[in-house]
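Listed in order, the protein sequences are those of chains P and V.
For the first sequence, our numbering begins at 1 and goes up steadily by one.
For the second sequence, our numbering begins at 1 and goes up steadily by one.
Worth flagging that the hints you see were computed from the coordinates, not collected in a lab.
For every residue, glycine included, the Cβ atom is placed at its ideal position computed from N, Cα and C.
Take the hints with a grain of salt, since some may be wrong.
Residues of chain P placed beyond 10 Å of chain V at every Cβ, according to the derived structure [stated by the list, open to error]:
| hint | residue |
| --- | --- |
| 1 | H10 |
| 2 | D143 |
| 3 | D235 |
| 4 | R300 |
Rough simulated footprint, nothing fancy, chain P against chain V, three-plus residues with beta-carbon under 8 Å [stated by the list, open to error]:
| hint | region |
| --- | --- |
| 5 | 16–23 |
| 6 | 27–35 |
| 7 | 80–93 |
| 8 | 131–140 |
| 9 | 252–264 |
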Amino acid sequence: MASRKPVRWHIAVFLAPAVLVYTALMIIPLFGTLAQSLMNKDATGERVFVGLQNFARLFGDAIWSDAFWNALANNTWFFVIHMLVQNPIGIALAAILSTPKLRMAAFYRTAIFIPTILSFVIVGFVWKLILSPIWGIAPGMLDAVGLKFLFAPWLGREETALTTLALVSVWQFVGIPMMLIYAALLSIPDEVIEAAEMDGITGWSQFWKIKLPLILPSIGIISILTFVGNFNAFDLIYVAQGALAGPDFSTDILGTFLYRTFFGFQLQLGDPYMGSAIAGSMFGIILVGVCIYLFGIQTRLRRYQF
Amino acid sequence: MSARTSLGRTIAAHAILLTYTMIALFPVFVIVINSFKSRKAIFADPLALPMPDNFDLVGYQTVLKQGDFFLYFQNSLIVTVASLFFVLLFGAMAAFALSEYRFKGNTLMGLYLALGIMIPIRLGTVAILEIMVATGLVNTLTALILVYTAQGLPLAVFILAEFMKSVSHDLKNAGRIDGLSEYRIFFTLVLPLVRPAMATVAVFTMIPIWNDLWFPLILAPAEHTKTVTLGAQVFIGQFVTNWNAVLAALSLAIVPVLVLYLIFSRQLIRGITAGAVK
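Let's have the full structure, built from the sequences with the hints guiding it.
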């Protein structure tokens, strides 16, 4: 051995490809976008530094701020529906699935996860078909049980379109919380469950008193995944309602707003600087959410080591 | 008494799960059955099963005559498989470096790579498009492969590193004593042992890539680089009145990802559970 401490080149070789691709296509563009949100064109078309002016326009100038706050409010509602509907249903399904000796559990699990693997194009189209007042399977089915009066063109009405789309998204993604909670429930050791049974805690009270506290960290994870996913959503709205997020922008969320601003639509030209400012705002919102989770929630959750 | 309540509970559990399974599968079922029916039958009774008297393959004929669909499929397949390959290879290599060696900046590097799990790559789209324009990669499949590789890496590194920590040190040290290089140890000893984890990562990486609409729409909307997802979206726009064709196209788009999912699903739950135990 010539030198006692040779440079361990293999570490660099192992790390290099991942770090290079990741840095070049994720980190640099992210910061490039943030930097661009501080720029704009001057009268001659030159790129100049404008500080926080773009953000000031986005939040305060009525031309931009109306659309921005509308998108943010819609996005928040979209997220609230996911938290109130998707995650409880996912947890309930996982709890039922993890019943010991349940037959066909693998079948149910596989089937319920299938919507998650479908593309948004398929999901958007099929739900438009089902809910369509013309072909509509939904009106026919409601008619069959005598509830036809309940039917309305939900996707076409301003008051109901966003909620309907949020529920479609819930239908599509309920498999993810289900899978993660199911895995967490399976990892609870049998001794803990047996001890609870010894003490006469079974069924529902066993779920509420023993299992639920143990899976709280997993519930925290699905909440933050839902948050990041929802504030980054775009595809479902785009395929179902188009880039204009109709009717009358009632389904506009930050993702569709970013797309329209950056690429333009109809007569409005695209604006990369304001687009960057919107992306920067989304970055800020997601960062705040992730920080609240990491420092406010995660550290307070008690983890149990078995 | 206990036997009866537990029987009741089992029946209730099956009833709930069966109901939800029907809710989950119903829309897929509607697409597939109607894709095999004649146009008249689709409108007359959307819920009827395809029977000899209403059976019609005209939708599939239209789609296949279009010809482009095969190209779209090929594009999607190339992009998905190539990205998956690079994510798994690069991800496993980086995960091995992070979990195996102690070096300065190890934790920092781990955090740096994990950042991408929380921050979506889409937010950098504006700058990504500029990079692609500058390098002339717009409207190439390479652009999509590069972006998806970057997108998949953070989660892959994170999950694989967790698994690699559990690979026995004795095994690796035995390899070292036998004179295997670090590269041989990684490729011949460690990689085969983390295959279940690789399957989990593969599913989680593959689905969003196959289904993505955002990046194909922005980086590669040209006719020769369209993916199935984008192709189907455009197809729906053009053939909006030809429902046979649209339903057939959608049925065809479901098949590949469904097959891959069914192949991997067993590994998937095993991978998730093993990860959760940690």
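Status of the hints after comparison with the structure:
no.	hint	in the structure
1	H10	4 Å, violated
2	D143	12 Å, holds
3	D235	5 Å, violated
4	R300	19 Å, holds
5	16–23	holds (count 6)
6	27–35	holds (count 4)
7	80–93	holds (count 5)
8	131–140	violated (count 1)
9	252–264	holds (count 6)
In summary, the numbered hints that this structure violates are 1, 3, 8.
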